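A.B. asks: Sequence:
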Amino acid sequence: MRAIRDKEVRRDKLLFLISILILVLFTLLVLPSSPLRSGNTWDDANAMLRIGQLWMNGTLPFRDVFEQRGLVMYLIYFIANLFSSHGYVGLYIVELMNLFAILVLSKLVISNFFNGERQLQSSFGALITVLLIMTNYSFKNGGSPEEFSLPWILMSILYVQRYAKKQNAKYFIPVGIGLAMVFNIKYSLIGPWVALGIITFYLIFRLGENIFKKIMMVLGYGALGLLVVFVPVVIYLTLTHSTEAFINAYFIENLSGYTKESLPLMGHMVEALGMGLRELASKNVVLTLAFFLATLALKDRSKAVAVHLIFIMTMMLSYWALRPMDYMVLILVFEMYFTIILSLSQYLNVINVELYLGAITIAFGLFTFVSSNLNPSFKLATFGSPNADVVSSRFADKIDQLGGAESLLYYNTIDFGVERYTSIPGSFRYFERTNLKLKEKDVEMDSIVRKGRADFIIVNDNNVHRDLMKKYKVVETGYKIKYNFYNNRSATENKVKLYLMQKK
Numbered sequence: 001m002r003a004i005r006d007k008e009v010r011r012d013k014l015l016f017l018i019s020i021l022i023l024v025l026f027t028l029l030v031l032p033s034s035p036l037r038s039g040n041t042w043d044d045a046n047a048m049l050r051i052g053q054l055w056m057n058g059t060l061p062f063r064d065v066f067e068q069r070g071l072v073m074y075l076i077y078f079i080a081n082l083f084s085s086h087g088y089v090g091l092y093i094v095e096l097m098n099l100f101a102i103l104v105l106s107k108l109v110i111s112n113f114f115n116g117e118r119q120l121q122s123s124f125g126a127l128i129t130v131l132l133i134m135t136n137y138s139f140k141n142g143g144s145p146e147e148f149s150l151p152w153i154l155m156s157i158l159y160v161q162r163y164a165k166k167q168n169a170k171y172f173i174p175v176g177i178g179l180a181m182v183f184n185i186k187y188s189l190i191g192p193w194v195a196l197g198i199i200t201f202y203l204i205f206r207l208g209e210n211i212f213k214k215i216m217m218v219l220g221y222g223a224l225g226l227l228v229v230f231v232p233v234v235i236y237l238t239l240t241h242s243t244e245a246f247i248n249a250y251f252i253e254n255l256s257g258y259t260k261e262s263l264p265l266m267g268h269m270v271e272a273l274g275m276g277l278r279e280l281a282s283k284n285v286v287l288t289l290a291f292f293l294a295t296l297a298l299k300d301r302s303k304a305v306a307v308h309l310i311f312i313m314t315m316m317l318s319y320w321a322l323r324p325m326d327y328m329v330l331i332l333v334f335e336m337y338f339t340i341i342l343s344l345s346q347y348l349n350v351i352n353v354e355l356y357l358g359a360i361t362i363a364f365g366l367f368t369f370v371s372s373n374l375n376p377s378f379k380l381a382t383f384g385s386p387n388a389d390v391v392s393s394r395f396a397d398k399i400d401q402l403g404g405a406e407s408l409l410y411y412n413t414i415d416f417g418v419e420r421y422t423s424i425p426g427s428f429r430y431f432e433r434t435n436l437k438l439k440e441k442d443v444e445m446d447s448i449v450r451k452g453r454a455d456f457i458i459v460n461d462n463n464v465h466r467d468l469m470k471k472y473k474v475v476e477t478g479y480k481i482k483y484n485f486y487n488n489r490s491a492t493e494n495k496v497k498l499y500l501m502q503k504k
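Per UniProt numbering, residue 1 is the first one in the sequence shown, and the count goes up by one each step.
For the record, the hints were derived by calculation from the structure and aren't laboratory data. There could be a bad hint or two in this list.
[To be verified] If you anchor each label on the Cβ, the simulated ranges turn out as follows:
no., residue 1, residue 2, range
1, Val234, Val353, 47 to 55 angstroms
2, Ile481, Arg450, 54 to 62 angstroms
3, His86, Leu296, 49 to 57 angstroms
4, Ile20, Tyr236, 29 to 37 angstroms
All values derive from a computational prediction rather than experimental measurement. Cβ coordinates follow ideal geometry from the N, Cα and C atoms, glycine included.
With the hints as extra help, turn the sequences into a complete structure.
C.D. replies: Here is the structure:
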C-alpha cells in the first residue's frame with residue numbers, strides 16, 4: 001500500500017513539474033517583459049524600474065527620488081535591476097519567480113481545501129488560475145503591486161488553513177510576514193488579512209477553550225512575523241535618513257492626494273464596496289456572476305462564508321480611495337477565478353494522467369492563442385527587439401546619437417522607459433509626473449525647465465509652452481500607445497503624441 005502511495009506521490013510531482021514548464025513557456029511567449037518580446041510599456045512598471053536602477057547607483061528611494069509605492073516594491077525592482085539594469089529581462093525573471101510562487105501556493109491551498117487529496121486537481125486548478133489572471137485585462141502589461149502581493153496573500157491563507165487544523169499559533173509568524181510585506185508593497189491591499197483575522201477569531205471562539213490564551217499567542221506570533229519585515233525596514237530608513245521622506249510620500253501625500261473627501265465611515269465603506277462592484281459588473285460581469293454561483297455551489301458553507309469575507313474586505317480596502325484603476329481589480333479577479341476552480345474541483349472526482357496532460361496542453365495552446373485578445377495590453381509588446389513604434393527605444397537611440405545625456409526629465413508625463421535603452425545616470429527628485437497633485441512637484445519641474453537644468457525633457461503635445469521653447473528644441477517625436485478598457489475583451493487604443501526635446 002505504501003509503495004503505491006509513494007508511486008502516486010512521484011507521479012504527482014512529475015506532473016506538477018510539467019505544469020511549471022508550461023508556465024515558463026507561456027510566460028516566454030506572452031509576457032511583455034519576456035526576452036522574446038519587445039518590453040513592458042506600462043508607465044508604472046517603468047517608473048519602478050527606474051527607481052530600482054537609481055538605487056543601484058546610490059540614489060535612494062524616498063530620500064533622493066519621489067515615488068508612491070512601498071519600500072518592498074522598490075526592493076523587488078532593485079532585484080530586477082540586479083539581474084539586468086537595462087531592458088526587461090530582470091523584470092521577467094522576478095515576475096516568473098512570483099508567478100511560480102503563485103502556482104505552488106495555489107496548489108497547496110487547493111490541496112488543503114480537500115484535506116490533502118485530489119493532487120492532480122490541485123495542480124491543474126493552480127495552473128489554470130495563473131493562466132486566467134495573466135490573460136485578464138487587470139494584469140495589464142505585468143509588474144503591478146497587486147501581482148507581487150498575491151503570493152503573500154496565498155501564503156497567509158495557507159497558514160490560516162493549517163492553524164484551523166492544528167491550532168499551532170506559530171503558523172501566524174508567516175501570516176504576519178505576509179501582512180508586513182504587502183503593507184510595504186501597497187497598504188491598500190491588506191484587506192485579506194482583515195478577513196483572515198476575523199476568521200481566526202471565529203475559529204478560536206468556536207473551539208471555546210483557553211480563548212484568551214489562544215488569542216494572545218496568535219497575536220504574539222503574528223507580531224513576531226510583522227517584526228521580521230518591519231525591523232529591517234526601520235533600520236534601513238534610519239541609517240539612510242529617509243524616515244521623514246518615507247512617511248511624507250508613502251502615507252501623508254498618498255492619503256491626501258489619492259483619497260477623495262471622506263464620507264462618514266459607514267458611508268465610505270458602502271461607497272468603496274459599491275465602486276468595486278460597479279467596476280466588476282461593467283468589465284467582468286460574466287466572471288462575477290460565475291463567482292457568486294461558485295460560492296453557492298461550495299459544499300462547505302463555512303468555507304463559502306470565508307471566501308465572501310476575504311472578497312469583501314479585499315474590495316473595500318482596495319477601493320478605499322474611491323479612485324478605480326484597472327489593475328486594482330487583479331486580486332479580486334484572482335479570488336473569483338480561484339473560487340470557481342475550487343468549486344469545480346469538488347465535482348471532478350477522477351482525473352487520470354492522460355486527461356491531465358491533455359487538459360494542460362489544450363489550456364496552454366488556447367491561452368497562448370487568445371492571450372492578446374483577452375488582455376490587449378500584451379499587443380503593445382511585439383515579438384523580437386523593439387521596433388520603430390516603440391517610442392522609448394527610438395527616443396533612447398536619438399539621445400545616443402546626440403552624444404548621450406546626464407539627465408532626463410519626464411515633464412508632465414509619466415516615465416515610460418527610455419532609461420531601459422540608454423544610460424542616464426542623473427536624476428531629479430521629481431523625475432516624472434505622478435498622479436499626485438503636489439505643488440512642490442509642479443514648482444520643481446517648472447524650475448528645472450525654466451533654468452535648463454535637464455539635458456533632455458520629454459513632454460506631451462498638451463504641455464508645450466513658451467518657456468519650454470526658449471530653453472529646449474524638439475529633436476524627435478513619437479506616440480505612446482495605451483488601452484482604455486471597457487471590459488475584459490473590449491479596449492480602445494489611445495495615442496498620445498510626445499516630444500523629445502534637447503537643451504539649446
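A.B. asks: If a hint holds in the structure, say so; if it does not, say that too.
C.D. replies: Outcome of the hint check:
1. Val234 <-> Val353: 47 to 55 angstroms: Distance hint for Val234, Val353 holds at roughly 51 angstroms.
2. Ile481 <-> Arg450: 54 to 62 angstroms: Since Ile481 and Arg450 have Cβ atoms about 31 angstroms apart, the given range 54 to 62 angstroms is violated.
3. His86 <-> Leu296: 49 to 57 angstroms: 51 angstroms, holds
4. Ile20 <-> Tyr236: 29 to 37 angstroms: 33 angstroms, holds
Going through the hint list in order, the structure does not satisfy hint 2, though it satisfies all others.
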